[in-house]
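Enquirer: Chain order of the listed sequences is A and B.
Here this note's numbering is used: the first residue of the first sequence is 282, the next is one more, and so on.
Here this note's numbering is used: the first residue of the second sequence is 5, the next is one more, and so on.
Simulated from the structure, these hints should not be mistaken for laboratory data.
Don't take every hint at face value.
What the hints assert, rightly or not - Below, in silico cross-link-like pairs of lysine-lysine (DSS-like), each with a Cα-Cα straight-line distance of 30 angstroms or less: (1) A:Lys-291 - B:Lys-207; (2) B:Lys-28 - A:Lys-291; (3) B:Lys-207 - B:Lys-116; (4) B:Lys-252 - A:Lys-291; (5) B:Lys-31 - A:Lys-291; (6) A:Lys-357 - B:Lys-31.
Claimed, not checked - Partner residues are not named here, just some residues of chain B that face chain A (Cβ under 8 angstroms, in silico): (7) Val-64; (8) Gly-79; (9) Leu-272.
Beta carbons are placed, not taken as given, at the ideal position from N, Cα and C, and that holds for glycine.
This is what each chain is made of:
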Amino acid sequence: MGNISYEQAKRTVLRGLILLALVTVAEVFIALLGKGYIIPGFYLPTWLVYLAMIGLSLYKAYFIMGEFMHLKYEVKGLVSSILLPFLLLVWGIIAFLWDGTYWYQQREEYRTEFQKEREGHLLEEHELEDRLRMLD
Amino acid sequence: MSAETSTKDLETEQEQVSWEGGSKPFKASYGKLMMWYFIMSDAFTFAGFLIAYGALRFSVPTWPEPDFVFQSFPGGLHNMPLIFVTLMTFVLIASSATMVRAVQEGQRENKKGVVFWLLMTILGGATFLGCQAWEWHTLIVKEHMTLSENPFGRHIEAGTYLEGDGYDIEAGDTFQPGDFYLIHKVDGEWNPVAYQNEHGDVKLQSFGPPAFGSLFYFITGFHGFHVLTGLIILLIVAINAAGGVYVKRRNGYEMVEKVGLYWHFVDLVWVFVFLVFYLL
């Protein structure tokens, strides 16, 4: 930032503020539009809304880190030593969401099993209720 | 002397210089570098929380709808989905921008400017915390969400309500799978409304996944705690700056820059908390 004038730097801050505010408003607008709040009866596919949200949020993060936290103007080695470890999160996210889906499937399996046992009179009604409650 | 030996000599010489220290490969001070690494470790803590949210959300059949849960606005207004939290987000972004201004004034060694913009940042952060307190208050006192009870449910079958709840549900109202509801408390007791599904079974509204409440309070609480500590540090730095402590250091108010990094990080985390809790 050394060779940027003071006036220019001040303008960058104002521009950044307006940009981040606009992106946030756009996110909320897409969220509400997608769920039919703005035009009654009009919905967007969920995957499209989610993609737009994640994309816009990542852009905000990029801008805050790059401009506000000055990472764009740091030495390459410093930047990589900070950013590269975050690649670990890629697998972290995949693995844990995968696991969450598995827990869901297990619960559904147990639920059907308990209901079958109840139909075969192996369980009393209150026992079934207790077991179903345990799954929640 | 051959060319080979002279190159070798030069390398040895460079190595010796490196071992003697004094070179700055990252061109950043120790404090700033360590602030970055602290931020990284803190980011991983937040990432752990948010990933846990994702895993738990994937593990249950339904999840509360954010634009239904967060639809209140001060002054008793309702049906304003996500408007209040958008306002909160804007306040936090604005306080991040004023922080950048404080850092810029610091680089010009302008004491008055630093103190003024730090105070603006503190004002923004305090406003954000106040907004969060209001949001928590609504959830705790009016909607009775606790760490283990979540009154925000979602229907998984179609049906007709058999009675009203005294709020927005009336007897005879119909609903579709995916429609959401809030179970109210009457005289301190939960009052789930009875309904009849398509097969003629009479059931009571069931509670939403209990993990939602604890995740919300823990994650937004952990973030709010970061904002609070940030405010305290900002206040200390502002007092120091006003007292001229950093003038004597003649390093372009580096302390302001380091606190700034932390403050932007708080804003950065909010981007993802906002994404996960309010947008997805």
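Enquirer: Would the pair Lys-207 of chain B and Lys-116 of chain B pass a check requiring their Cα atoms to be no farther apart than 30 angstroms?
Expert: violated (66 angstroms)
Enquirer: Hold the hint about Gly-79 of chain B up to the distance rule: shortest CB distance to chain A must be less than 8 angstroms.
Expert: violated (20 angstroms)
Enquirer: Should the hint that Leu-272 of chain B touches chain A count as held when the rule is a Cβ pair under 8 angstroms?
Expert: Nearest chain A Cβ about 5 angstroms off; hint holds.
Enquirer: Does the structure keep Lys-291 of chain A and Lys-207 of chain B at a Cα separation of 30 angstroms or less?
Expert: violated (61 angstroms)
Enquirer: Hint check: Lys-31 of chain B vs Lys-291 of chain A, CA-CA at most 30 angstroms. Holds or violated?
Expert: Between Lys-31 of chain B and Lys-291 of chain A the Cα gap is close to 24 angstroms, so the pair holds against 30 angstroms.
Enquirer: Taking only the CA atoms, is the gap from Lys-28 of chain B to Lys-291 of chain A under or equal to 30 angstroms?
Expert: Between Lys-28 of chain B and Lys-291 of chain A the Cα gap is close to 29 angstroms, so the pair holds against 30 angstroms.
Enquirer: Given the proposed pairing of Lys-252 of chain B with Lys-291 of chain A, does the C-alpha separation stay at or below 30 angstroms?
Expert: Status holds; Cα separation ~25 angstroms.
Enquirer: Are the Cα positions of Lys-357 of chain A and Lys-31 of chain B separated by 30 angstroms at most?
Expert: This hinted pair holds, its Cα atoms lying about 10 angstroms apart.
Enquirer: Can we keep the Val-64 of chain B interface hint, with Cβ of chain A closer than 8 angstroms?
Expert: Cβ of Val-64 of chain B sits 7 angstroms from chain A, so the hint holds.
Hint violations for this structure: numbers 1, 3 and 8, all remaining hints satisfied.
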